[in-house]
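J.: With chain A held as given, fit chain B onto it using these hints.
In order, the protein sequence lines correspond to chains A and B.
The first sequence begins at 95 in this note's numbering and counts up one residue at a time.
The second sequence begins at 330 in this note's numbering and counts up one residue at a time.
Think of the hints as simulated: they come from the structure by calculation, not from any bench.
Note that beta-carbon positions come from the ideal geometry of N, C-alpha and C, so glycine has one too.
Simulated restraints, written as ranges between beta carbons of each label pair:
{"hint": "1", "chain 1": "B", "residue 1": "494", "chain 2": "A", "residue 2": "130", "range": "22 to 30 Å"}
{"hint": "2", "chain 1": "A", "residue 1": "259", "chain 2": "B", "residue 2": "363", "range": "48 to 56 Å"}
{"hint": "3", "chain 1": "A", "residue 1": "200", "chain 2": "B", "residue 2": "495", "range": "39 to 47 Å"}
{"hint": "4", "chain 1": "A", "residue 1": "199", "chain 2": "B", "residue 2": "545", "range": "34 to 42 Å"}
{"hint": "5", "chain 1": "A", "residue 1": "109", "chain 2": "B", "residue 2": "495", "range": "25 to 33 Å"}
{"hint": "6", "chain 1": "A", "residue 1": "200", "chain 2": "B", "residue 2": "447", "range": "30 to 38 Å"}
{"hint": "7", "chain 1": "A", "residue 1": "120", "chain 2": "B", "residue 2": "575", "range": "25 to 33 Å"}
{"hint": "8", "chain 1": "B", "residue 1": "553", "chain 2": "A", "residue 2": "218", "range": "49 to 57 Å"}
{"hint": "9", "chain 1": "A", "residue 1": "221", "chain 2": "B", "residue 2": "331", "range": "28 to 36 Å"}
{"hint": "10", "chain 1": "B", "residue 1": "410", "chain 2": "A", "residue 2": "255", "range": "21 to 29 Å"}
{"hint": "11", "chain 1": "B", "residue 1": "495", "chain 2": "A", "residue 2": "204", "range": "36 to 44 Å"}
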Amino acid sequence: MLELQGVSKAYAGSPALQDVSFSIEPGEIVALLGANGSGKTTTVQSICRLIEWDSGDILFNQNPTRSSTDYFRHIGAVLGGCRNTNWRLTASANARYFAQVRGFKGSDVLANITRLQTQLGLDEHAQKEVMKLSTGNKQKAALLSALGYSPELVLLDEPTLGLDFTTVNELQTIIKSQASEQHQSFLITSHDLSFIENICTRVLVLDHGRLLFAGDIAELKAQMFSHELKLAPLTPAQMESIHSLWEGRFQIRADEQCLSIQFDTPAQCLPTMTYLHEQQIAPEHCTINALSVEQAYQHLVAEERA
Amino acid sequence: MKLHLITNELRLAWLEMRQYWFETVSAMIFILVMFIALFYGIKGFVLEDDGAQSLDGLVFGFLLWTFASGAYGSITKSVVEDTQRGYIEHLFLCPEGVVRLLLCRALADVLFSLAILTVVTYLVMWLTNTWLGINLLQFYAVLLLAAPSLVGLGLIIAGFALVFKKVETIGAFLSIGLMGLVALDGLPLNPLTFLPFVPGASLARDWVLNGQPLDYLSLLIVALNSAVYLAIGMKVFAVGEKAAKQRNLIGQY
Chain A
95 MLELQGVSKA
105 YAGSPALQDV
115 SFSIEPGEIV
125 ALLGANGSGK
135 TTTVQSICRL
145 IEWDSGDILF
155 NQNPTRSSTD
165 YFRHIGAVLG
175 GCRNTNWRLT
185 ASANARYFAQ
195 VRGFKGSDVL
205 ANITRLQTQL
215 GLDEHAQKEV
225 MKLSTGNKQK
235 AALLSALGYS
245 PELVLLDEPT
255 LGLDFTTVNE
265 LQTIIKSQAS
275 EQHQSFLITS
285 HDLSFIENIC
295 TRVLVLDHGR
305 LLFAGDIAEL
315 KAQMFSHELK
325 LAPLTPAQME
335 SIHSLWEGRF
345 QIRADEQCLS
355 IQFDTPAQCL
365 PTMTYLHEQQ
375 IAPEHCTINA
385 LSVEQAYQHL
395 VAEERA
Chain B
330 MKLHLITNEL
340 RLAWLEMRQY
350 WFETVSAMIF
360 ILVMFIALFY
370 GIKGFVLEDD
380 GAQSLDGLVF
390 GFLLWTFASG
400 AYGSITKSVV
410 EDTQRGYIEH
420 LFLCPEGVVR
430 LLLCRALADV
440 LFSLAILTVV
450 TYLVMWLTNT
460 WLGINLLQFY
470 AVLLLAAPSL
480 VGLGLIIAGF
490 ALVFKKVETI
500 GAFLSIGLMG
510 LVALDGLPLN
520 PLTFLPFVPG
530 ASLARDWVLN
540 GQPLDYLSLL
550 IVALNSAVYL
560 AIGMKVFAVG
570 EKAAKQRNLI
580 GQY
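Chain A with its partners taken away, still in its complex shape (with noise of 0.2 Å):
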């Protein structure tokens, strides 16, 4: 459906995207993740028209989006921020404006309109401008705007700002619903990676406008370790004897008194709590704990730049 082939962009000679190449299948949810300034949004700009690129191509359904706007009609867009809606209008006047702006109106689209503003908790607002809505409900309608004519392809530009976690997890449920029931395919840039983490088939990682990985959840977390493990205060002296007992695929970081290391299974930490009690070493803190997606992302990042 959407291909990108080594696409790059720079701006004043600093590169913002570079050779950065993926696809997007029928019904699948793709998440773009990065840090602030990785070329998430330069990305999703890309594909809208928003911004030139210097070279490579984007094709939808295999056709070069530079010659024809013909496909705006197929995707849908939530920009980042709340630049998305006509605030002096409701939410469905504003999902009727723009689907018409595409090319579609009549008793389909409000039939679908309806159905949408409904599941997405929007018909108690139904009679209010946009501006008088909550931010959660500004991204509720920025969203039904964006699906309200059933485009094949949804680009979701950090969709959970400013949403709380039932806002959250009602949004997870419809983008699900909409890609099993509609064949939807979302590409979806976020900084919560818990909420990407539930719904994403597959991830891609950015880093500095390079394509650092591109996968499934399950690939990712394969290549990030698992755990982590703090002890502080220790000496030099214990921070050395304890590297020596480490084995397997682990990564140690030191800060002063502060021995951090990562790891992949909790039985390699078992030689260390071994050590710590025979040597009657008993650190103020000592924590093992389960790394979020988030760290663990941030690790694989830091390690790449390394």
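T.: Quick look at chain B alone, frame taken from chain A:
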């Protein structure tokens, strides 16, 4: 221009006007008050024999200027306000292209302007007791023929707005300049003919107000003037759009 885009923009204009009826009514009252102050101010000095004719010209000129300001401001207002209000990026996702969408919006605004102009015309004539013997259909036909030149001007300013963002000074300068443009005589062919909207305003005065026979050469001049300024406007906007997309400026404010 596509019909579905025009009906969509008409609906949007209607919804916004209905939603903000107070704004719509107060804008109309402002125009009326401004004109009445101007009218009675000038009337005090016009005591010659042709005084009545001067006042007719004044009323007619005011109506022309009201229309011209609306037609010129439609696109500029769209680009600047939608950048600030926050959904201009989505206008660029129109499959027919943003220029066509803006042209449809301008047409919708012009049609609404004509409706408002009709109300203002009769109110002005009633309040000033200066009844112009004009055929409104003829008047609107000339205005619609000449309006693309103003839309072209709007596209030029909107093209600048995409790149430079703050264009209020040029916009204000042009709004005042329109007062001069509607007063100039661009027919028959003379150097002033090449200014935007000038031949259109002249044709309206000659044919609609003064009852002179319709000259088809003048009609052609008005059409050419409109076509040239619209083409220039579309070109400047396209250049601005390309520059804004290269520098990632669409929507930045």
